[in-house]
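Residue numbers (our numbering), protein chains in the order written: chain A, 1 to 132; chain B, 133 to 482; chain C, 483 to 870.
Since the hints were derived computationally from the structure, they do not count as laboratory data.
Any given hint could turn out to be false.
Dumping the calculated BS3-like pairs for lysine-lysine here, alpha-carbon to alpha-carbon at most 27 Å [claimed, not checked]:
1. Lys463(B) to Lys108(A)
2. Lys608(C) to Lys113(A)
3. Lys50(A) to Lys446(B)
4. Lys719(C) to Lys845(C)
5. Lys608(C) to Lys472(B)
6. Lys463(B) to Lys113(A)
7. Lys478(B) to Lys220(B)
8. Lys786(C) to Lys756(C)
9. Lys52(A) to Lys196(B)
10. Lys68(A) to Lys476(B)
11. Lys462(B) to Lys196(B)
12. Lys108(A) to Lys196(B)
13. Lys417(B) to Lys379(B)
14. Lys119(A) to Lys220(B)
15. Lys446(B) to Lys52(A)
16. Lys196(B) to Lys131(A)
17. Lys119(A) to Lys538(C)
18. Lys472(B) to Lys131(A)
19. Lys20(A) to Lys50(A)
20. Lys307(B) to Lys134(B)
21. Lys792(C) to Lys102(A)
22. Lys152(B) to Lys463(B)
23. Lys538(C) to Lys68(A)
24. Lys131(A) to Lys463(B)
25. Lys476(B) to Lys119(A)
26. Lys472(B) to Lys68(A)
27. Lys472(B) to Lys108(A)
28. Lys113(A) to Lys472(B)
29. Lys472(B) to Lys462(B)
Stretches of chain A that chain B covers, calculated by requiring three or more beta carbons in the stretch to come under 8 Å of a beta carbon on chain B [stated by the list, open to error]:
30. 69–83
31. 113–125
Here are a few chain A residues that face chain C, going by a calculated C-beta distance under 8 Å [as the list claims (entries may be wrong)]:
32. Pro30
33. Tyr60
34. Asp65
35. Arg88
36. Ala91
Just so it is clear, the structure is predicted and the values come from calculations on it, not from any experiment.
Glycine residues also receive a C-beta, built at the ideal position from the N, C-alpha and C atoms.
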Amino acid sequence: MAIPRFWRETPSRYNLIGTKCKNCDTIYFPPRLICPKCHRKSIGKLEPIKLKGEGEVITYTVIHDGPKQFEMQIPYIMAIIELDEGVRLTAQIVECESNEIKIGMRVKSTFRKLGEDGKAGVIHYGYKFIKA
Amino acid sequence: MKVGIVSYGGYVPTYRITPKEIGNVWGVDGDVISKGLRIFGKSVPSPDEDVITISVEAARNMIKRCEVDPQDVEAIYVGSESHPYAVKPTATIVAEAIGAVPNLTAADYEFACKAGTAAIQTCMGLVASKMIKYGIAIGSDTSQGAPGDALEYSASAGGASFLIGRENVIATINKTLSYTTDTPDFWRREGQMYPSHGGRFTGEPAYFKHVINCGRELLDAVGKTPEDYDHMVLHQPNGKFPVRAAKKLGFNDEQIKTGLLTPFIGNTYSGAVLLGLANILDIAKPGENIFVVGYGSGAGSDGFDITVTENIKKMDRGPNFSIQSMVDNKKFLDYATYAKYRGKIKLREV
Amino acid sequence: MREVAIIGVGETRFGEVWDKSFREIGIEAGLAAIENAGITGKEIDALYIGNMSAGKFIDQEHIAPLVADYVGLANANIPATRIEAADASGGLALSHAYMAVSSGVHDVVVVGGAEKMTDVGDVQAKEILAMSADQEWESVFGATFAGLHAMIARRHMHEYGTTREQLAMVAVKNHKHGALNPKAQFRREITLDMVLKAPMVASPLGIFDCAPLSDGSASLVLCPLKIAKKYSDNPIKIASCGQGGDYMALHDRRDICTMNATIIAARKALKYAKKAPKDIDVAEVHDSFTISEILAIEDLGFVKKGEGGKATEDGVTSLNSDISVNTSGGLKAHGQPVGAVGIAQAVEIVLQLRGEADKRQVKNAEVGLTHNVGGTGATAVVHIFEVV
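Model the full assembly from the supplied sequences, consistent with the hints where possible.
The structure is reproduced here in structure tokens:
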């Protein structure tokens, strides 16, 4: 992956920085420039907000056939998580057995390696989730 | 000028493997090794964990339980012998991940297992001289032991982070001193995956000589005797060396107990003495004295004389942060999964 | 607005076509459609081609003029346009060709869809497929295309009680249909047990719940309905097209078990064609995964929300039942050359409405529908077709 493509997203990937629409108070992750609810009225009113990184599992899957980047982690759990701030994201759930994961389970964010550009390339870090 | 610990945080990976499980693969009686080294299990990082993730988790645990604004942190030093990059600092990633960028200085340290204590000394100097307000010193490792080597039974993963400052300290560092010589007992050459060591040469002329001399000089320098301390922690490459060294210095089992984590999580290298100290601070009471001597191969020892203050009572030392809860939260792996997680299985190249 | 008809169809066999290149399969389907329409190259005003990712699959962009050139039209200097909407590229190319003819800009238009997926390895092909999801906020974190659909399936099971067996029955049905289609990649029936015991891809979806990686191309010739009889004895009218969009990432949709893009696309298409879901005799819906067909038949209005699994189990969607769904075998058995899917669906509906579908013919089929989805539902395209 091109270095700047990942690098420019590090605030959100490292620290769950989203945006809050000052017009309607809705929180978005990843950051948005325009609020889908307020449209024009929201321009210039989306402010950065740091999410706490706690929430619950909306749905999940155990991936057995994964991309090259993840072959050492197979089988691994992916989930859609609703954070307590109301916003949802897609993330891996680690250190959880396939038979432990459930819809509604409480989870919290952790800082992990997401991938790397080969053995000699840059390493990518960001959020994953563990059982709360 | 009084300098001390404002906050601290640790991180120990969840996975463990036992010497017995490792021994089975090499036709060795793991129980005998276990008794010989006094190691009952060692921590193993997940495939997505490395020194950077461990350092970030430890630093975040440290920041979460103090009032300090990360923007007031003006220095970060991360000591490790398993930095994921040979060139490109771990410290900058930690700084970004805790929100301390951009107005700070940062660098990575390497001095075998004592790079973390060297980082504390650097922060003490900068804080005491008022060059900086707060500094972060981290010791963290995902140490490598070559398959089948004696080190494979002990080399583990973990780290701890200390926030050094002048105000609101939970423990005062009264004194630090070091004892350093050129002693090649353990090393890893550039580009080598696994470290090499001098076998029994790592004992008397290396670990014991440096730890005991540093310890004695520290006692002399502060004018204290072992009886003046409530707790003590030494570098702990296995469960036996630190006990033997402590006895030689005149300490008893009760003083050693809390700081000795290697029997349960293995040798976390740069993280070892700092995790031991963190575990002591988790239970320490105001006014208690702590004696610390780290050791790094190559070789040197850093000693610290520490006194706990009243402020420690305000700190959240509950299960969300305590080292003991991380030690207790464990899942055991078989050797095959361990080999997979540690990248010891050769994958197809693309 | 002029009424538009399809006067020619062509399709390659779908599957692993090792000995043919992208341009060869593109030409094969295009020429077959031109032949079927009985037109000459000189009469063609424009070419549209749906393709998802030639750049990634064969390192070639700018494929519309490439196909026009190799089909022998370079000297004609006609406009050739590629349309991309991930898996919905074919369906969207058809919409644009339809609009071009309907508006009066062009008279005779060839619209094709082509994808060559086996020139890269399996792992890479699946990574390319996942590019129709949000790379930065889904794929980077390890979500595969199958994984995203598996999460829809898991939630559908949770909310509506859909069973693993009901998912599997979609694959069993579509293989049964595919066995009757000489152009299908998989021409053999499978049992429920085979689906249930197949290796997991992303739980609860196993290997038989996923459409394959395929090479293939399909093509149509369009012209104004008024002049269609000049070329064809049995032109099929395109009654309407509808397209809907939605949030790019699955997690941004509050109800991940509903594809709003499909609902909107179907509503527009049905309204314009003055039809209701019950008027549809035969439908080709986007079953890239078994759960996708369950969502499709719900969101297109064939069955109530949440009852897609039960309806499949009851055989409502089998050949010559209430509504014959995926008589071609669907993406599952017919094959999934991504950019060609939307066109291949239209080819099947034309064959059905002409009464040329042979062993898989739907009796008295008069109205047909195609449903083509991009990504996990950020794009959906619906077309309705009628006998004239």
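Hints, one by one, checked against the model:
1. For the hint pairing Lys463(B) with Lys108(A), the CA-to-CA distance comes to about 19 Å; that is within 27 Å, so the pair holds.
2. Under the criterion of a C-alpha separation no larger than 27 Å, the hint pairing Lys608(C) with Lys113(A) is consistent with the structure, at around 22 Å.
3. Pair hint Lys50(A) plus Lys446(B) holds up; C-alpha atoms about 26 Å apart against a cutoff of 27 Å.
4. A threshold of 27 Å between alpha carbons decides the hint, and for Lys719(C) with Lys845(C) the separation of about 19 Å falls inside it, so the pair holds.
5. At most 27 Å may separate the alpha-carbon atoms for a hinted pair to count; Lys608(C) and Lys472(B) meet this at roughly 24 Å.
6. Proximity of Lys463(B) to Lys113(A) is assessed by CA-CA distance (about 20 Å); at most 27 Å being required, the pair is judged to hold.
7. Between the alpha carbons of Lys478(B) and Lys220(B) the distance comes to roughly 26 Å, so the proposed pair stays at or under 27 Å and holds.
8. With a C-alpha separation of about 21 Å, the suggested pair Lys786(C) and Lys756(C) falls inside the 27 Å cut-off, and the hint holds.
9. The hinted pair formed by Lys52(A) and Lys196(B) meets the criterion: a straight-line CA distance of about 12 Å does not exceed 27 Å.
10. With a C-alpha separation of about 17 Å, the suggested pair Lys68(A) and Lys476(B) falls inside the 27 Å cut-off, and the hint holds.
11. Simply put, Lys462(B) and Lys196(B) have alpha-carbon atoms about 23 Å apart, close enough for the 27 Å limit, and the pair holds.
12. Proximity of Lys108(A) to Lys196(B) is assessed by CA-CA distance (about 14 Å); at most 27 Å being required, the pair is judged to hold.
13. At roughly 24 Å between alpha-carbon atoms, Lys417(B) and Lys379(B) fall within 27 Å of each other, so this suggested pair holds.
14. For the suggested pair Lys119(A) and Lys220(B), the alpha carbons sit about 15 Å apart, so the restraint of at most 27 Å is met.
15. For the suggested pair Lys446(B) and Lys52(A), the alpha carbons sit about 23 Å apart, so the restraint of at most 27 Å is met.
16. For the given pair, Lys196(B) sits about 19 Å from Lys131(A) by alpha-carbon distance, which is consistent with the 27 Å threshold.
17. This hinted pair checks out: Lys119(A) and Lys538(C) have alpha carbons roughly 23 Å apart, not beyond 27 Å.
18. In summary, the hint linking Lys472(B) to Lys131(A) is supported, as the alpha carbons are separated by about 23 Å, within the 27 Å threshold.
19. Simply put, Lys20(A) and Lys50(A) have alpha-carbon atoms about 10 Å apart, close enough for the 27 Å limit, and the pair holds.
20. The straight-line distance between the Cα atoms of Lys307(B) and Lys134(B) is roughly 10 Å, inside the 27 Å bound, and the hint therefore holds.
21. Between Lys792(C) and Lys102(A), the direct Cα distance comes to roughly 24 Å. Compliance with the 27 Å bound is thereby established for this hinted pair.
22. A threshold of 27 Å between alpha carbons decides the hint, and for Lys152(B) with Lys463(B) the separation of about 15 Å falls inside it, so the pair holds.
23. At most 27 Å may separate the alpha-carbon atoms for a hinted pair to count; Lys538(C) and Lys68(A) meet this at roughly 16 Å.
24. Among the hinted pairs, Lys131(A) with Lys463(B) is consistent with the structure: their alpha-carbon atoms are about 14 Å apart, no more than 27 Å.
25. A hinted pair counts as satisfied when its Cα atoms are at most 27 Å apart, and Lys476(B) with Lys119(A) qualifies at roughly 14 Å.
26. For the hint pairing Lys472(B) with Lys68(A), the CA-to-CA distance comes to about 15 Å; that is within 27 Å, so the pair holds.
27. Among the hinted pairs, Lys472(B) with Lys108(A) is consistent with the structure: their alpha-carbon atoms are about 26 Å apart, no more than 27 Å.
28. Simply put, Lys113(A) and Lys472(B) have alpha-carbon atoms about 16 Å apart, close enough for the 27 Å limit, and the pair holds.
29. Only pairs whose Cα atoms come within 27 Å are accepted, and Lys472(B) paired with Lys462(B) is accepted, the gap being roughly 18 Å.
30. By the rule of at least three residues with a Cβ nearer than 8 Å to a Cβ of chain B, the coverage given for the stretch 69–83 of chain A holds, with 3 such residues.
31. With 5 residues having a beta carbon nearer than 8 Å to a beta carbon of chain B, the stretch 113–125 of chain A meets the requirement of three or more and the stated coverage holds.
32. Taken as an interface hint, Pro30(A) checks out: its beta carbon lies about 6 Å from the nearest beta carbon of chain C, inside 8 Å.
33. Proximity of Tyr60(A) to chain C holds as hinted, the smallest CB-CB distance being about 6 Å (cut-off 8 Å).
34. Interface hint at Asp65(A): satisfied, since its Cβ lies 5 Å from the closest Cβ of chain C, which is below the 8 Å cut-off.
35. Look at Arg88(A): its Cβ gets to within about 4 Å of chain C, closer than 8 Å, so that hint holds up.
36. Look at Ala91(A): its Cβ gets to within about 5 Å of chain C, closer than 8 Å, so that hint holds up.
Violated hints are absent here; each numbered hint is respected by the structure.
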